[in-house]
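Participant: Residue numbers (the numbering used here), protein chains in the order written: chain A, 1 to 455; chain B, 456 to 910.
Among the hints, a few may not be true.
[To be verified] With a straight-line cut-off of 20 angstroms between C-alpha atoms, the simulated EDC-like cross-links for lysine to aspartate or glutamate are: (1) B:LYS883 <-> A:GLU168; (2) A:LYS428 <-> B:GLU623; (3) B:LYS548 <-> A:ASP75; (4) A:LYS254 <-> B:GLU673; (5) B:LYS548 <-> A:ASP155; (6) B:LYS619 <-> A:GLU427; (7) A:LYS254 <-> B:ASP466; (8) A:LYS7 <-> B:GLU469; (9) B:LYS462 <-> A:GLU72; (10) B:LYS651 <-> B:GLU673; (11) B:LYS651 <-> B:ASP612; (12) A:LYS7 <-> B:ASP530; (13) A:LYS7 <-> B:GLU882; (14) A:LYS164 <-> B:GLU882; (15) A:LYS7 <-> B:ASP466; (16) A:LYS93 <-> B:GLU527; (17) B:LYS462 <-> A:GLU12; (18) B:LYS709 <-> A:ASP11; (19) B:LYS462 <-> A:GLU14; (20) B:LYS462 <-> A:ASP256.
These are computed hints drawn from the structure, not numbers from a lab.
For clarity, every value in this text was computed on a predicted model and none was experimentally measured.
Protein chains: 2
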Amino acid sequence: MAQIPYKIYLDESELPRAWYNLRADMVNKPAPLLNPGTLKPMQAEELAPVFCEELIRQELDNDTAYFEIPQEILDFYQMYRPSPLVRAYFLEKALGTPAKIYYKFEGNNTSGSHKLNSAIAQAYYAKKQGLAGVTTETGAGQWGTALSMACSYFDLDCKVYMVKVSYEQKPFRREVMRTYGASVTPSPSLTTEIGKKILNEHPGTTGSLGCAISEAVEVATKTPGYRYVLGSVLNQVLLHQSVIGLETEAALKKYDIKPDIIIGCAGGGSNLGGLIAPFMRDKIRGKLDCRIIAVEPKSCPSFTRGTYAYDFCDTGMVCPLAKMYTLGSSFIPSPNHAGGLRYHGMSSILSQLYDDGYLEATSVGQVEVFQAAEQFARVEGILPAPESSHAIRVAIDEAIRCRESGEEKTIVFGLTGTGYFDLVAYEKFHDGKMEDQIPTDAELEASLKNLPRVE
Amino acid sequence: MAQIPYKIYLDESELPRAWYNLRADMVNKPAPLLNPGTLKPMQAEELAPVFCEELIRQELDNDTAYFEIPQEILDFYQMYRPSPLVRAYFLEKALGTPAKIYYKFEGNNTSGSHKLNSAIAQAYYAKKQGLAGVTTETGAGQWGTALSMACSYFDLDCKVYMVKVSYEQKPFRREVMRTYGASVTPSPSLTTEIGKKILNEHPGTTGSLGCAISEAVEVATKTPGYRYVLGSVLNQVLLHQSVIGLETEAALKKYDIKPDIIIGCAGGGSNLGGLIAPFMRDKIRGKLDCRIIAVEPKSCPSFTRGTYAYDFCDTGMVCPLAKMYTLGSSFIPSPNHAGGLRYHGMSSILSQLYDDGYLEATSVGQVEVFQAAEQFARVEGILPAPESSHAIRVAIDEAIRCRESGEEKTIVFGLTGTGYFDLVAYEKFHDGKMEDQIPTDAELEASLKNLPRVE
Numbered sequence: 001m002a003q004i005p006y007k008i009y010l011d012e013s014e015l016p017r018a019w020y021n022l023r024a025d026m027v028n029k030p031a032p033l034l035n036p037g038t039l040k041p042m043q044a045e046e047l048a049p050v051f052c053e054e055l056i057r058q059e060l061d062n063d064t065a066y067f068e069i070p071q072e073i074l075d076f077y078q079m080y081r082p083s084p085l086v087r088a089y090f091l092e093k094a095l096g097t098p099a100k101i102y103y104k105f106e107g108n109n110t111s112g113s114h115k116l117n118s119a120i121a122q123a124y125y126a127k128k129q130g131l132a133g134v135t136t137e138t139g140a141g142q143w144g145t146a147l148s149m150a151c152s153y154f155d156l157d158c159k160v161y162m163v164k165v166s167y168e169q170k171p172f173r174r175e176v177m178r179t180y181g182a183s184v185t186p187s188p189s190l191t192t193e194i195g196k197k198i199l200n201e202h203p204g205t206t207g208s209l210g211c212a213i214s215e216a217v218e219v220a221t222k223t224p225g226y227r228y229v230l231g232s233v234l235n236q237v238l239l240h241q242s243v244i245g246l247e248t249e250a251a252l253k254k255y256d257i258k259p260d261i262i263i264g265c266a267g268g269g270s271n272l273g274g275l276i277a278p279f280m281r282d283k284i285r286g287k288l289d290c291r292i293i294a295v296e297p298k299s300c301p302s303f304t305r306g307t308y309a310y311d312f313c314d315t316g317m318v319c320p321l322a323k324m325y326t327l328g329s330s331f332i333p334s335p336n337h338a339g340g341l342r343y344h345g346m347s348s349i350l351s352q353l354y355d356d357g358y359l360e361a362t363s364v365g366q367v368e369v370f371q372a373a374e375q376f377a378r379v380e381g382i383l384p385a386p387e388s389s390h391a392i393r394v395a396i397d398e399a400i401r402c403r404e405s406g407e408e409k410t411i412v413f414g415l416t417g418t419g420y421f422d423l424v425a426y427e428k429f430h431d432g433k434m435e436d437q438i439p440t441d442a443e444l445e446a447s448l449k450n451l452p453r454v455e
Numbered sequence: 456m457a458q459i460p461y462k463i464y465l466d467e468s469e470l471p472r473a474w475y476n477l478r479a480d481m482v483n484k485p486a487p488l489l490n491p492g493t494l495k496p497m498q499a500e501e502l503a504p505v506f507c508e509e510l511i512r513q514e515l516d517n518d519t520a521y522f523e524i525p526q527e528i529l530d531f532y533q534m535y536r537p538s539p540l541v542r543a544y545f546l547e548k549a550l551g552t553p554a555k556i557y558y559k560f561e562g563n564n565t566s567g568s569h570k571l572n573s574a575i576a577q578a579y580y581a582k583k584q585g586l587a588g589v590t591t592e593t594g595a596g597q598w599g600t601a602l603s604m605a606c607s608y609f610d611l612d613c614k615v616y617m618v619k620v621s622y623e624q625k626p627f628r629r630e631v632m633r634t635y636g637a638s639v640t641p642s643p644s645l646t647t648e649i650g651k652k653i654l655n656e657h658p659g660t661t662g663s664l665g666c667a668i669s670e671a672v673e674v675a676t677k678t679p680g681y682r683y684v685l686g687s688v689l690n691q692v693l694l695h696q697s698v699i700g701l702e703t704e705a706a707l708k709k710y711d712i713k714p715d716i717i718i719g720c721a722g723g724g725s726n727l728g729g730l731i732a733p734f735m736r737d738k739i740r741g742k743l744d745c746r747i748i749a750v751e752p753k754s755c756p757s758f759t760r761g762t763y764a765y766d767f768c769d770t771g772m773v774c775p776l777a778k779m780y781t782l783g784s785s786f787i788p789s790p791n792h793a794g795g796l797r798y799h800g801m802s803s804i805l806s807q808l809y810d811d812g813y814l815e816a817t818s819v820g821q822v823e824v825f826q827a828a829e830q831f832a833r834v835e836g837i838l839p840a841p842e843s844s845h846a847i848r849v850a851i852d853e854a855i856r857c858r859e860s861g862e863e864k865t866i867v868f869g870l871t872g873t874g875y876f877d878l879v880a881y882e883k884f885h886d887g888k889m890e891d892q893i894p895t896d897a898e899l900e901a902s903l904k905n906l907p908r909v910e
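With the rest of the complex left out, here is chain A:
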């Protein structure tokens, strides 16, 4: 079809052997996590009861540019990496655009998304520390699935607290986790003090991510040999996810391609932060003239309508405070089907880059997102996850702009995962029953009133 193949493969010698820590190149470093009691920066020893030692080191290190990827993790990456960088020839043709579109596809593994990149790293360090197991929460289930796979590989116990409404509505995700030997508990549950308290106060509750986090943290800190792990937002997660961007960079360089626009969906920021890492480095250094765009749902618009401030990471307000673009930890997004994008805050790294003007952000509605998803599926053959489809929407819009202006821009976007477990949402879309629920100004004002006071 053309000189550049449909899929750009990397040879073994071209694969990343170290993660890249974007913080090392940032002009303004991301603000530190604060102790919610003292409001002072969290020290390693304060984090040690919750997180694994090596991961704390990675979390707090703003200076080391490269962290070598341990051989055991490289071995595991072989199962599903390098992920393909695909030239979207079929989509370009369907759109009649002179733009050149590429996507980095992270969905070709059983967890169905990029989450596995960090899950295997976190499981590895837990195992190395001699732990018996880890705990976590999951909403839509992508993270829980990825962590189950990783823990199974390293023979670690894995306790997943799954928001009760998802546990009941997404039994298939639960079964994948069980296949990998994880125990999955609907949250709130009677296995924790916080769970009992919430069930006592709200007997009929279907749970929330904030509550599931609180239960997972409680179990991790009370059970000898356990720690808590998290699939997004944290600096360490973006570090691990840099493997996405490094592979993308290597594939583009192979054919001497320079991106003009890079697009990724943004919930907590794990995918976007990983995809853009090396390109943002070059942009900061003045070596790359490139727009970098975060796409979020109109129903949960942290960047585009939030405030840059210290806030709680969880609804239960037990975790450290992070400075981030936030809608307030009490913000409850409407039931948007892109479960992975329903977080009230945003990675501190990305928040700082956005505040410094290196990163753009835009928000899109759910119906237009599914229209893009269906159009993409029909021509490119991949059924995308709703989260990923936010990036597809904006990539298509930019490509259409190129058709109108005649510009041959190179557009790269992150296709984070597949939508095999999101077909209830597709069904709603097909039946014309999907709608956007956009928060009013008054609602946002109310949830932002609860921000903690930090000088």
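Starting from the structure of chain A, add chain B where the hints point.
Facilitator: Frame of chain A; chain B shown alone:
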């Protein structure tokens, strides 16, 4: 980890550009399809109202060894081919076997299986003939999904008759088909004469594959510009599926690997026939000393307990007669979850090869299949389809035999697809509610009584 990479990739120059027709090398050709009325071999003109012209030519040609793959199909194959040939290092290690295990993984496309290889070919020839659309039936949904994707690509209308019980129990499969623009009708339906007749006689019926075939054929023959297409059993389908075997052969040759045992699951025979095609050619020619094993479920044991005879291909007895290993067209297999393996008969090509002693067959129980599936998922990171897991079971058993004997055999098996839409079955397995239902001798005797009388 070793000299042979975890995944063997093929360069563009190494990709097959022609399908291989195993019939050309068979010592005894497969028996021809017979007209159910005259009991004489079906001629092309008799098949023309039902099938596409070019596909009839492929169906009836026992002599041409290679059919060039049209460029349009090669373009589409680029989306998801070559599929990886994976060295199962992790599984080998877990089993502690000196055997070298490889699997050809066909699940990395949205249809989730190898079915897309033939679906795109059949859609292409329908489009080339100037047809408006095609009809088909689907049980578990893999074939219907693949055909929907293929028709969407060539802008063909696609009418899928889905067995009612599956339509209701597998709404997600249905939604994927709808995403690709197919119309999906639960069968039996009021849209056909045969459907009305069956609903009148059995008002509460949940349908059957045989009935869905009859409805799809009726609509194809009564609607101008439509033909009927089928995803397995037929010679043409095995021809298209030879792309699996040809890629496998190319990948093995690249590292000078000779297989000692090749294993594939067998329902109608589309995957097995495709995988083994070039290896069977070499075996027939005396150039390869290799065991080739078909694996079927104990609940539907066409090879191991069936009879080699002419039989109806459908329960409605409207299609041509095929000579095959069969359990009788009235045989109703127990609700085994490997829906793709619940066919009463078997490809005529494979049946002849089995009768001639070139092919072995074995049957396995459902519980042991899911045990193998879970073991495989945990170490190799892929959640396999129940159908594919039949091959995994036997590959693991052979590898364990090598551990006991110390033999370093090379085992190659076909991993036809993923199990993302089979999690109800996984759930039953996890909950200990799965059991095998093996037909009694009396049951088989009864269903074999209805074989048509052909001299």
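Participant: Now tell me if each hint is right for this structure.
Facilitator: The hints, checked one at a time:
no.: 1; hint: B:LYS883 <-> A:GLU168; result: holds, 16 angstroms
no.: 2; hint: A:LYS428 <-> B:GLU623; result: holds, 16 angstroms
no.: 3; hint: B:LYS548 <-> A:ASP75; result: holds, 13 angstroms
no.: 4; hint: A:LYS254 <-> B:GLU673; result: violated, 53 angstroms
no.: 5; hint: B:LYS548 <-> A:ASP155; result: holds, 14 angstroms
no.: 6; hint: B:LYS619 <-> A:GLU427; result: holds, 18 angstroms
no.: 7; hint: A:LYS254 <-> B:ASP466; result: holds, 16 angstroms
no.: 8; hint: A:LYS7 <-> B:GLU469; result: holds, 15 angstroms
no.: 9; hint: B:LYS462 <-> A:GLU72; result: holds, 17 angstroms
no.: 10; hint: B:LYS651 <-> B:GLU673; result: holds, 12 angstroms
no.: 11; hint: B:LYS651 <-> B:ASP612; result: violated, 23 angstroms
no.: 12; hint: A:LYS7 <-> B:ASP530; result: holds, 12 angstroms
no.: 13; hint: A:LYS7 <-> B:GLU882; result: violated, 36 angstroms
no.: 14; hint: A:LYS164 <-> B:GLU882; result: holds, 18 angstroms
no.: 15; hint: A:LYS7 <-> B:ASP466; result: holds, 11 angstroms
no.: 16; hint: A:LYS93 <-> B:GLU527; result: holds, 14 angstroms
no.: 17; hint: B:LYS462 <-> A:GLU12; result: holds, 11 angstroms
no.: 18; hint: B:LYS709 <-> A:ASP11; result: holds, 16 angstroms
no.: 19; hint: B:LYS462 <-> A:GLU14; result: holds, 15 angstroms
no.: 20; hint: B:LYS462 <-> A:ASP256; result: violated, 26 angstroms
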